[in-house]
Each structure stands twice: as C-alpha cells, then as structure tokens.
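K.L.:
Single-letter residue listing:
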Amino acid sequence: MEHSPDDFQLVEAFRKGDEKAFEEIVRRYQRQVANIIYLTLGSREEVDDLSQEVFIRVYRSLGRFQFDASLYSWIYRIAVNLCIDEVRRRRIRKAVSLEFFTERRLEGEKRTKERATASDEVLNDEKKKVVVEALQKLSPVHRIVITLREYEDMSYEEIAKTLHISTQAVKSRIFRAREELRKLLKDYFKERL
Amino acid sequence: MKTNHPEQLLSLYVDNELTGEERREVSEHLASCESCRLSIEEMRALRVRIKEAADVSLPDNFVYSVLRSARREDENTVVWLSTEKLARNVVVVLSVVVLALVGLGTFLRPEPPIRVDRYLISEPTDTLAGQVLGTQGEISKDVMVYAVLTK
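Residue numbers (numbering that gives the first Met the number 0), protein chains in the order written: chain U, 0 to 192; chain F, 0 to 150.
Since the hints were derived computationally from the structure, they do not count as laboratory data.
Okay, derived cross-link-like pairs now, SDA-like style, lysine to any residue, Cα gap no bigger than 25 Å in a straight line: (1) U/K182 / F/H28; (2) U/K136 / U/D47; (3) U/K170 / U/K182; (4) U/K170 / F/H28; (5) U/K185 / F/H28; (6) U/K182 / F/K50; (7) U/K136 / F/A44; (8) U/K128 / U/E44; (9) U/K170 / U/S69; (10) F/K140 / F/G104; (11) U/K170 / F/E40; (12) U/K15 / F/E74; (13) U/K182 / U/Q167; (14) U/K15 / F/S81; (15) U/K15 / U/L61; (16) U/K19 / U/S72; (17) F/K50 / U/E151; (18) U/K170 / F/R23; (19) U/K170 / U/D67; (20) U/K136 / U/N123.
Sample of chain U residues at the chain F side, in silico, Cβ under 8 Å: (21) R30; (22) R43; (23) Y155; (24) R177.
Here the structure is a predicted model, which means the values were calculated and not measured. For every residue, glycine included, the Cβ atom is placed at its ideal position computed from N, Cα and C.
If we strip away everything but chain U, and leave its shape as in the complex, we get (with noise of 0.2 Å):
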C-alpha cells in the first residue's frame, strides 16, 4: 500500500528539485493558509493573493528551512506575518482615507439589506459573518492567537512556538478573546445554544 510521504520527505524532495513534492505541500497546507488569513482580515477579496504571496516565501525559503519547528507552524508563521503587515497598512489606509472607510461601511450595509431577504442559506452566511466580524473587533494580537487555537486546533505549546511568544501569553491572551468574543456574541449564543 502506498502511503503519502510526510512534509519532512517533502521537504527533502524539493530540495532536490523535485516540484511535484513543493506542489504537494501547497495542496495539504493551502486551504488552512487560506482561511487563517480569512479569519484574520476578515474579508475574502484578498485572500488569494496573500495566499499566493505566502506560497512563494515558502517556495524561497524551503530551501533554508531547519526542521527546528514543523512545517505547518513555519508555514502559518509566515501567513500570521503577513497578515500583521496587512493589518498595518489598513491601519494606514483607514487614517488618510475616511471616505473610503465610509464608504465600505455603507456598502456593506447594502449588501446585508440586500441579503436578508434572501433563503436560509444565505441567512447562514450571514450568521457566519457576524462570527467574523467579531473577530475583527478584537486586537490583532487576540484574533491570531484565539485564531490559531479554535481552527487550526494548536496546542499553547505549539501556538507559542509559531508565534514566539511565552505559553503564559498564549494563555492569557485565549482568555481574554474569549471572553471578548463571548461579549460580543451574546446574543448570538442565546439564539443558537
């Protein structure tokens, strides 16, 4: 029986040329990059590019990856790094733009008005929507860590490895997302529990 080699003979495999091997680690890794960015930034629009973008640094760097951490936690250090410097330049758009931030706000209101008279599918994506949003009312600090810990189900050890913090942050910080997301979600959770 054939079994799939794992990302260590993946790793080796490229390294010796092999693209078929960097194209393997693309499809196993590629939907969890994808929406660690999703629920980080919270919008779709640019989740392929920053996907792509993640890629082609793991494309570069393979070559000098050590194994001192596994590949998906060096993978979605990369895609979180990413993500920090995109919440930044938003940070830096939204100052010197306030028309473009009125702007988003009053179209999304459209599209919600639009939707709601929509079917019970589209009443779900909406209530998927509210979860994201809420993610994005807290820091980006928070919203990596709880992001990292409830999808991608990371231990604290293997959070804090990714992220280069202590155990004792990842800790705190999952707490206090928590209990920020709870807030936030209140109603929510009364209607769906």
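Given the structure of chain U, go ahead and fit chain F onto it with the hints provided.
P.N.:
Okay, now just chain F, sitting in the frame of chain U:
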C-alpha cells in the same frame, strides 16, 4: 459569587491544558455550578462557529498559479543578477582600460624641457655634466639624468 468561578481555568479546561489535579477540581466545580457549565458550553460553541465560518477555499489551479509566479520571480531575479553582474564586469573592464591608457600615456609622453641654471661653476666643461650644467637654456630631463649618472 462570581469571584468563586474559576474563569481562566475554564478556558484551559476546554483546551485540555490543565494538569490532572486541576482538571479534577474544575470538574467537581462544574458538577455544582450551572453558570460555569454554560460558559463551557459557550466556549465550545464558539469553537464550532469559528470552524464553520472558516469556509474559504482557493481556486483549483491555485498551486499552478503559485508555481508560475514563483518561477517568474526567480527568472526576474536571475535576469537582474546577470544584468548586475554584466554591468559590474563592464565597469571593471572600462576602469582597467582607462588606467592602462593613462599609464601608457604618462610613460610615452616625453618629459617637457626644464630650465637649468649654472650652479656647478667649477665643473670642467669637457665632461658631459659640465656641458649640460654649463649650458644656459632648456634641456630635457632625460639628458640631465644621463649626465648626472655618468658623472
């Protein structure tokens, strides 16, 4: 009695990050505290909702567009590096040529004549040095050097 609720421990409980002893204590508390049981339920529900919300998928050809872009960037880097290398080589070659021309020009150019005044009055006039040094007027540096060497 809110202060009696082990709120931070509940978060660790949900994540299986407690020691055996801590877990046992929290379980005992949960058995008698409805409010904390509700908190645990909310935290678990939150996890499910976040997973549900993460429904983004990338296009089927994503992997190929990554490879295409990565190769294009690599090619651009190679072109840039070879252009840079070529430019560096051109600068080095031109510098060598300029230095060689300047050096050759200096070597081949005849020394301009210099004016020599008689300052060795007692030098006999039948020696070359005497003739040279005794001469009022311009002579070349080469002749003067030769005269000094033969003296």
